[in-house]
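Fit chain B to the known structure of chain A by using the hints.
2 protein chains.
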Amino acid sequence: MEWLETDTSNCSIGRTLELVGRPWTFLVLREAFQGIRRFDQLQRHLGVSRPVLSQRLNQLVGAGLLERARYQEPGSRPRDEYRLTGKGGDLYPVLLALLQWGDAYVADPGGPATEVRHRDCGRRVRVAMVCEDGHEVESLQQLESHPGPGARARAI
Amino acid sequence: MEWLETDTSNCSIGRTLELVGRPWTFLVLREAFQGIRRFDQLQRHLGVSRPVLSQRLNQLVGAGLLERARYQEPGSRPRDEYRLTGKGGDLYPVLLALLQWGDAYVADPGGPATEVRHRDCGRRVRVAMVCEDGHEVESLQQLESHPGPGARARAI
Numbered sequence: 033m034e035w036l037e038t039d040t041s042n043c044s045i046g047r048t049l050e051l052v053g054r055p056w057t058f059l060v061l062r063e064a065f066q067g068i069r070r071f072d073q074l075q076r077h078l079g080v081s082r083p084v085l086s087q088r089l090n091q092l093v094g095a096g097l098l099e100r101a102r103y104q105e106p107g108s109r110p111r112d113e114y115r116l117t118g119k120g121g122d123l124y125p126v127l128l129a130l131l132q133w134g135d136a137y138v139a140d141p142g143g144p145a146t147e148v149r150h151r152d153c154g155r156r157v158r159v160a161m162v163c164e165d166g167h168e169v170e171s172l173q174q175l176e177s178h179p180g181p182g183a184r185a186r187a188i
Numbered sequence: 033m034e035w036l037e038t039d040t041s042n043c044s045i046g047r048t049l050e051l052v053g054r055p056w057t058f059l060v061l062r063e064a065f066q067g068i069r070r071f072d073q074l075q076r077h078l079g080v081s082r083p084v085l086s087q088r089l090n091q092l093v094g095a096g097l098l099e100r101a102r103y104q105e106p107g108s109r110p111r112d113e114y115r116l117t118g119k120g121g122d123l124y125p126v127l128l129a130l131l132q133w134g135d136a137y138v139a140d141p142g143g144p145a146t147e148v149r150h151r152d153c154g155r156r157v158r159v160a161m162v163c164e165d166g167h168e169v170e171s172l173q174q175l176e177s178h179p180g181p182g183a184r185a186r187a188i
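Read top to bottom, the protein sequences are chains A and B. With the working numbering as the guide, the letters of the first sequence map in order to residues 33 to 188. With the working numbering as the guide, the letters of the second sequence map in order to residues 33 to 188.
Here chain A stands alone, though its shape is the one from the complex (with noise of 0.2 Å):
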């Protein structure tokens, strides 16, 4: 089967999308990942009205990729914060390579604004394409595209 003969209503890049494909959504996940859980902070860090946030993050619960956790401060009513889950978490690579693609091209000229390091050795993390033996892969002609078994027939 061709690329273009393949129905792509079962894509797995479609169907993401469809979930996160709105720029916002990798905003929210990046405070999360950042370890921003709270709705004050989020909103004064992404400048978004509470309303706007509040939507987006029951879209977000919605979809399973943050998840409601009830605090309470001394002083204060219970409030919920927002953690990800490991639906949401999992999203981190296609985070660092975004990151990555707009630490080359759309970087102040200072240099990037956030670096990702190894816990255990400090040194900078990146994003890599690594096949099943092992081997690293970094030209776009070293990759075959081909239908799956999930492919199926496009309705001509």
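A hint or two may mislead.
For the chain A half of the interface with chain B, some residues (derived, Cβ under 10 Å), not all of them [said to hold, decoys possible]:
#: 1; residue: Cys43
#: 2; residue: Leu51
#: 3; residue: Thr57
#: 4; residue: Phe58
#: 5; residue: Val84
#: 6; residue: Gln87
#: 7; residue: Leu116
#: 8; residue: Lys119
#: 9; residue: Leu128
#: 10; residue: Arg149
#: 11; residue: Val157
#: 12; residue: Leu175
Rather than coming from a laboratory, the hints here were simulated on the basis of the structure. The beta-carbon is built from N, C-alpha and C at its ideal position, and this holds for glycine as well.
For chain B alone, coordinates are given in the frame of chain A:
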């Protein structure tokens, strides 16, 4: 500088999402990575109207991710096709990371619709997070985020 004290206006993630943070961007790029370059083929496979596709292609050309190249088939007038630039091609790890996450969480029970393989050895290719010392980072707990040289403090 703590994360909440940083000004995120030069964040490479945010800037990248300004360029590519619409769901359709990666759908057009997906076709381009599959070698689909011609307007009619893109239009049919993506299932969008001609004016919408035309506008999207203009945006991707404007952002430097695709470039136009003339071609002419016998008996037809010259037409433009759309080729990935190096800048566009460097987005492949983002696409592969989206595919990988989607295969894990939203694929059909029958399995992935598309498989990406290493041309030399035929094994499947995945995105990995690797540090400069060559360690693969498998857990988010092994990652640390630091302000980089371009970090700016936020106005309070």
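Hint check:
1. Cys43: holds, 6 Å
2. Leu51: At about 7 Å, which falls below the 10 Å cut-off, the nearest Cβ of chain B leaves the hint on Leu51/A intact, so it holds.
3. Thr57: Hint holds; Thr57/A Cβ to chain B Cβ min 8 Å, cut 10 Å.
4. Phe58: holds, 6 Å
5. Val84: Constraint on Val84/A not satisfied, violated at 16 Å.
6. Gln87: violated, 17 Å
7. Leu116: holds, 8 Å
8. Lys119: Hint holds; Lys119/A Cβ to chain B Cβ min 6 Å, cut 10 Å.
9. Leu128: Since the shortest Cβ distance to chain B is 6 Å, the answer is holds.
10. Arg149: At about 5 Å, which falls below the 10 Å cut-off, the nearest Cβ of chain B leaves the hint on Arg149/A intact, so it holds.
11. Val157: holds, 5 Å
12. Leu175: holds, 6 Å
This entry does not satisfy hints 5, 6, going by the numbered hints stated previously.
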